[in-house]
Each structure stands twice: as structure tokens, then as C-alpha cells.
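Student: Sequence:
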Amino acid sequence: LPLDEEGGDIGSIVLGNETLPVPNRDPQTIVVMGDTGCRMGPSHGGLYQSCYNPSLWPFARVSESVMHSGPDLIVHTGDYIYREGPCLEGIAGCEDSPYYDSNRTSPSYRAENFDVWHADWFEPARFVNKAAPLVFIRGNHEECRRAGIGYFRYLHQGPQTNCTDSPFTIATQPWVVDFESFQIGVTDTSTAPKEDQTSEIKALAAQLDVLGDYFSKPALLGTHYPTYGWGASDDDITGTNNGTIEIEISMQLVANATKSGEVPSSIDLLLAAHIHLAEVTSFVGGERPPQLVVANSGTQLIAMSDPPSEIAGLEVEKTIAVYQYGYVLVTKESGGKGWSMDFKDQMGRTLESCSLEKKNVSCA
Numbered sequence: 392l393p394l395d396e397e398g399g400d401i402g403s404i405v406l407g408n409e410t411l412p413v414p415n416r417d418p419q420t421i422v423v424m425g426d427t428g429c430r431m432g433p434s435h436g437g438l439y440q441s442c443y444n445p446s447l448w449p450f451a452r453v454s455e456s457v458m459h460s461g462p463d464l465i466v467h468t469g470d471y472i473y474r475e476g477p478c479l480e481g482i483a484g485c486e487d488s489p490y491y492d493s494n495r496t497s498p499s500y501r502a503e504n505f506d507v508w509h510a511d512w513f514e515p516a517r518f519v520n521k522a523a524p525l526v527f528i529r530g531n532h533e534e535c536r537r538a539g540i541g542y543f544r545y546l547h548q549g550p551q552t553n554c555t556d557s558p559f560t561i562a563t564q565p566w567v568v569d570f571e572s573f574q575i576g577v578t579d580t581s582t583a584p585k586e587d588q589t590s591e592i593k594a595l596a597a598q599l600d601v602l603g604d605y606f607s608k609p610a611l612l613g614t615h616y617p618t619y620g621w622g623a624s625d626d627d628i629t630g631t632n633n634g635t636i637e638i639e640i641s642m643q644l645v646a647n648a649t650k651s652g653e654v655p656s657s658i659d660l661l662l663a664a665h666i667h668l669a670e671v672t673s674f675v676g677g678e679r680p681p682q683l684v685v686a687n688s689g690t691q692l693i694a695m696s697d698p699p700s701e702i703a704g705l706e707v708e709k710t711i712a713v714y715q716y717g718y719v720l721v722t723k724e725s726g727g728k729g730w731s732m733d734f735k736d737q738m739g740r741t742l743e744s745c746s747l748e749k750k751n752v753s754c755a
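Count along the sequence shown from 1, then add 391; that gives the number in the working numbering.
Each hint should be verified, as a subset may be incorrect.
Stated by the list, open to error - Dumping the calculated DSBU-like pairs for lysine-lysine here, alpha-carbon to alpha-carbon at most 30 angstroms:
#, residue 1, residue 2
1, 709, 608
2, 650, 749
3, 749, 728
What the hints assert, rightly or not - Beta-carbon label-pair distances, calculated as ranges:
#, residue 1, residue 2, range
4, 521, 480, 35 to 41 angstroms
5, 497, 400, 48 to 54 angstroms
6, 751, 517, 34 to 40 angstroms
7, 496, 401, 48 to 54 angstroms
8, 484, 405, 37 to 43 angstroms
9, 751, 564, 28 to 34 angstroms
10, 699, 459, 34 to 40 angstroms
11, 437, 548, 30 to 36 angstroms
12, 677, 569, 22 to 28 angstroms
Simulated from the structure, these hints should not be mistaken for lab results.
All values reported here derive from a predicted model rather than from experimental measurement.
We put the CB at the ideal spot given by N, CA and C, even for glycine.
Take these sequences, add in the hints, and give me the full structure.
Tutor: Here it is as C-alpha cells:
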């Protein structure tokens, strides 16, 4: 944390004419948000959000609400850039929007550029950037073939500036923010391993084991891909497959390869994104950490589906899902006995409230 010349906490950070938020040694309130960019491109059924309509792409409104909530810390769970192709002719909501194209053979190919980062992140996130220090988690939209160059230039936590997807490099190793009464660990899961990628699975599992052994306080673990998340497919943009659940298994493969065959027990809560909704899921037995997914902060939401009864071999004890744009405010309970989780809409109004104590989730 920043120190003054005498080794004490500094009172402010000023950059140019901007006064920036100062890190808190023991944050009490944490905003979790994720999947914020405006979707443009031919993937997922050719979905094009109306980037100019704040009701249809409300990230700037979510960002301002986050600022007004006055958090001590913000965790962004990844996927900042979604403008991956030119707006189609006749769609007024994104006409002339900046874009990049990950397909180098496309007739409309355009390399990753600052205009895209400004439109999808820096301009709408100006409120977030003034609100509190941020923990940035890399999403799959920040792979090197996509928006990874900008991620390493603007958001990466380390000194490395060359984009890499390999879990064997220094730039993609896990890291921990150590606060007075809790810890937040982060792993780079931007490139999710497939079932046949045994070396990558083992490398990520070893990272989880290292984090599990390192944690000595109540711990939150941030990844982009959820370990125990659920929801409808992104490709089901019309909702015609309502009730069809997709459960992302890449991180389950990693968890299965750890020393215990599960997420380390020293972790109290898993933070992730990728599935475009907000949800929390806990499990019978109280040993597996609950999964909080926050991926509803701007990018087009998924269709509704019925919740699963079990995930990865364990019965679901409690799960709630929110299909509205917003974020989650996580607050330390008095006495340090647990956390509260308030699911907020884009205006900052509470939609659902839950509490977490000893890996057990209860909701009002």
C-alpha cells in the first residue's frame, strides 16, 4: 500500500488534476462486477447491442452507481472488450462504433486499437476508476488473439507488457492481495483448458494448491471462468432453449487435479464471471466454497433457465440468479463472522440479499 516518506499511509494520490482513491488496509465493502463491454460481432448468433442506448448497454450507468455506493475496493471479474466486429449496416444502435477484429482474414479486419478500449472501458468506466482501487481479473475476451495486448498495456497487475496466454509464464502466475483481515487471490483463467490439455490443467491445479497453502486468513479467489457456475448458453439469444443449463467444466477439471480433488478448503468464496447473469450457489455439506458469479454489468444477458440440483457431484443447497444488469456489493459482517452479498440493479437498488458464514449461504 502507498506510504509517505515516514512510512505511514498517504492521504491522497493526485495524478494531473485527478485525485485518485487510496487503498484501504482493511476494506469493509467490495463491489464485484464483470462482463461490461458492448457486444458487437458475428459470434453468438450475430448479436449486436445498441452501444449508444444506455438502457440496452448500461455499463456507464452501472459504473456511476458503483461510484455512488462508495466501496473500499472493486473487483472486476473480466471481459472488458466486446466490440469484435463492425456494426452491421442498418443497425442504428452501434453505427460507426469503433471495433477490432480477431479474424485476420476478414475483409473488415482491424487490429486491436485504443478507440475500442476507450469506448468499451475507459469512457464508461471513468466513474469506477474514481471510486476505489481495482483488482482486475483477465477474461477470455482478453486472450492474446482478442484484446490481450490492451489488457497487458493498461490493466495487467505486473510489470510484464507482452501478451501471453501460457500458464507456464511469470506473467500468468497467481497473485494475492493481502489485507489486514482477509486475502484475495487471483488466477489467470483467460484461456480455459480443454479436457485433453493435461499439462495446462496440471499447471493451473498446481497454482490453486499454492494459493490454498498460502492463504492464512478468510480468502476469496477470483477467476474469470467459474468453477461451479451455471446458466443458459450465450448462443441461445432468443431463449428458445429455456431450461437447458450449461455448466462450464474447464475449472472443474482444474479443481479435480488439485491435491484434494477439490477447490482448496482454505478458500471461503469463489468469484467469477463469464456466464452473463449474477448468481450465488452453495452446496450441501459446507465444505465446498460457494460460487459467486457476477457477469451482468453491461454485456448482453443470457436467457433464463431453471437451476441445477447438483454440480460436480455435490447437491446444490442454495442458489439464486438475477437476470438484470448491475453488480454485487459484498460487505464484511460486524465481528468478522462472514459476508453479506447485496445484488444491485443498474441504479444501485437492492434486488436480492444473501449472507455467507462458514461457506453457508442464506438469502432473505
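Student: Please name the hints from earlier in the document that this structure breaks, with their numbers sorted from lowest to highest.
Tutor: none
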